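Engineer: Listed below are the residues making up each chain.
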Amino acid sequence: MLTAILIMSGLALVIGVILGLAAIQFKAEENPLVDKIDAILPQTQCGQCGFPGCHPYAEAISRGEADINRCPPGGEEGIHRLADLLGMDVKPLGDGQAQAKPKSVAVIDEQRCIGCTLCLQACPVDAIVGAAKQMHTVIAGQCTGCELCVAPCPVECIDMEALAEDITQWKWKYPRYDIKNSALNTNG
Amino acid sequence: MENYALILVGTVLVNNIVLTKMLGLCPFMGVSKKLETAFGMGAATTFVLTLAAGASYLINEYLLGTDYAYLRTLSFIVVIAGIVQFTEMFIRKTSPVLYQVLGIYLPLITTNCAVLGIALLNVQAKHTFLESLFFGLGGAIGFSLALVIFAAMRERLEAADVPAYFKGSPIAMINAGLLSLAFMGFSGLVK
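Chain order of the listed sequences is Y and R. Remember, our numbering sits 4 above the position in the first sequence when you count from 1. Remember, our numbering sits 48 above the position in the second sequence when you count from 1.
Just chain Y, same shape as in the assembly (with noise of 0.2 Å):
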């Protein structure tokens, strides 16, 4: 028994060390677009923008086949670093996506939690904590509001709850101008 546990374990391990090697050895280069863009993305890996993750998206617009406004959780402020990396203008969220909502964090009704733990699996972030049968709780501060961990759950209770705005995140608000509306207001 100790020895098939050895052999076993033997096979692994030189296995391991063979494919850690080649991992170093046939390393590809990536673009290094993509990784730029990456880190601009908010890594929620949320799906929203139609790709199945933060890493794939940001390999669909280097390669200019997806518009940079089709990240939710990244918001305004994503999209106006993105433009800036890639010289490109400024656009509002695109339609098909979910508007930008106030920041806001999971907020988990302790007394419903029946401790089932599908709303682990599903954070992207591993901002809840808790086990089987106990009750889960969200860390506030690490919750990227990306809403994944509310379709899980059977008994709804996680809810969504928005942030008041305070001093240490208020921002001026970018100034919106309507071009459309004020081009028809001076000609008419």
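No lab work stands behind these hints, which were simulated from the structure alone. Owing to the predicted nature of the structure, the values given are computational and were not obtained by experimental measurement. Hints should not be assumed to be uniformly reliable.
Quick list of the computed label-pair ranges, beta carbon to beta carbon [stated by the list, open to error]:
#1 R:S217 to Y:E114: 42 to 52 Å
#2 Y:H84 to R:L73: 44 to 54 Å
#3 Y:A166 to R:L83: 51 to 61 Å
#4 R:A230 to Y:G54: 40 to 50 Å
#5 Y:A144 to R:E206: 51 to 61 Å
#6 Y:W174 to R:G78: 48 to 58 Å
#7 Y:T121 to R:K81: 32 to 42 Å
#8 Y:Q29 to R:E206: 35 to 45 Å
#9 R:E206 to Y:G54: 24 to 34 Å
#10 R:L168 to Y:T7: 15 to 25 Å
#11 R:E206 to Y:M92: 37 to 47 Å
Not close to chain R: a few residues of chain Y, all C-beta gaps over 12 Å, as computed [claimed, not checked]:
#12 V94
#13 Q125
#14 V159
#15 A166
#16 T172
Selected chain Y positions facing chain R (in silico; Cβ < 8 Å) [to be verified]:
#17 I11
#18 M12
#19 L15
#20 I19
#21 I22
#22 L23
#23 A26
#24 A27
#25 F30
Every residue gets a Cβ at the ideal spot worked out from N, C-alpha and C, and that includes glycine.
Assemble the complex: chain Y is given as a structure, and chain R must be docked to it using the hints.
Structural biologist: Okay, now just chain R, sitting in the frame of chain Y:
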């Protein structure tokens, strides 16, 4: 020498791994829509299969022996998974285009039953190391041959006037059956 040639002919034509032994049908149906992809998949599988046949022989002969024969399937799968990972890195480095095209089917070579099948058949037939290698290579060439022929047929089928209910996969399945029948013609070529 004659022995090795016979193993090659035998595995490529007579006991074709896909069309006679019915192993590895997932990539056979999945990656045969385009000829180029079929070539790429054939090449990747050939690489993996030959290496896996050799590696599994060494493991079975020198690591497991008869005492730990029950570890065979487990250790073979581990080795195959390792080789596939290696191939994936290699292809990603050398041909990003092929990496993109093969997509999910590349890691799925791990679960291609032809690879494990060849490794186990090698043990069953008590092949030597070189015989195992040739058996693996032959099986892989047979797999690639079936895949490429089938992909070429499917490309033509796209343009063919097929009854509506048979369009797509159903007619491809029928063709796979016909191709398999055609390969029955080789039976008896090598004993």
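Engineer: It remains to establish, for every hint, whether it holds in the given structure.
Structural biologist: Quick rundown of the hints versus the structure:
In this structure, S217 of chain R and E114 of chain Y meet the distance hint of 42 to 52 Å, their C-beta atoms being roughly 50 Å apart. At about 51 Å, the beta-carbon gap between H84 of chain Y and L73 of chain R stays in the expected band of 44 to 54 Å. Taking 51 to 61 Å as the suggested C-beta distance range, the pair A166 of chain Y and L83 of chain R conforms, at roughly 55 Å. A C-beta distance of roughly 44 Å is found between A230 of chain R and G54 of chain Y, which places it inside the suggested range of 40 to 50 Å.
Here the CB-CB span from A144 of chain Y to E206 of chain R is close to 55 Å, well matched to the stated 51 to 61 Å. At roughly 54 Å, the beta-carbon separation of W174 of chain Y and G78 of chain R lies within the given 48 to 58 Å, and the hint holds. Range check, T121 of chain Y to K81 of chain R: Cβ separation about 40 Å, and the 32 to 42 Å hint holds. One distance hint, 35 to 45 Å for the beta-carbon pair Q29 of chain Y and E206 of chain R, holds here, with the actual separation near 40 Å.
Taking the beta carbon of each, E206 of chain R and G54 of chain Y are about 28 Å apart, inside 24 to 34 Å as hinted. Checked against the given bound of 15 to 25 Å, the beta carbons of L168 of chain R and T7 of chain Y, roughly 22 Å apart, stay inside it. Here the CB-CB span from E206 of chain R to M92 of chain Y is close to 39 Å, well matched to the stated 37 to 47 Å. Distance check on V94 of chain Y: its Cβ is at least 31 Å (rounded) from any Cβ of chain R, clearing the 12 Å threshold; non-interface status holds.
The beta carbon of Q125 of chain Y is kept farther than 12 Å from every beta carbon of chain R, the shortest such distance being approximately 22 Å. The beta carbon of V159 of chain Y is kept farther than 12 Å from every beta carbon of chain R, the shortest such distance being approximately 35 Å. A166 of chain Y, annotated as away from the interface, keeps every beta carbon of chain R farther than 12 Å; the closest lies near 39 Å. For T172 of chain Y, the non-interface assignment is confirmed: its Cβ lies about 43 Å from the closest Cβ of chain R, beyond the 12 Å cut-off.
Checking I11 of chain Y against chain R by beta carbon gives a least distance of about 6 Å; that is within 8 Å, so the hint holds. Proximity of M12 of chain Y to chain R holds as hinted, the smallest CB-CB distance being about 7 Å (cut-off 8 Å). Checking L15 of chain Y against chain R by beta carbon gives a least distance of about 6 Å; that is within 8 Å, so the hint holds. For I19 of chain Y, the shortest C-beta to C-beta distance to chain R is roughly 4 Å, which falls under 8 Å, so the interface hint holds.
Taken as an interface hint, I22 of chain Y checks out: its beta carbon lies about 7 Å from the nearest beta carbon of chain R, inside 8 Å. Hint on L23 of chain Y holds. Least Cβ distance to chain R is approximately 5 Å, under the 8 Å limit. Restraint check, A26 of chain Y versus chain R: the minimum CB separation of about 5 Å is within 8 Å; hint holds. Satisfaction of the interface hint for A27 of chain Y is found here, the shortest Cβ-Cβ separation to chain R being roughly 6 Å, below the 8 Å cut-off.
The interface hint given for F30 of chain Y holds, since its Cβ lies 4 Å from the closest Cβ of chain R, which is under the 8 Å cut-off.
When the structure is compared with the earlier hints, no violation turns up for any of them.
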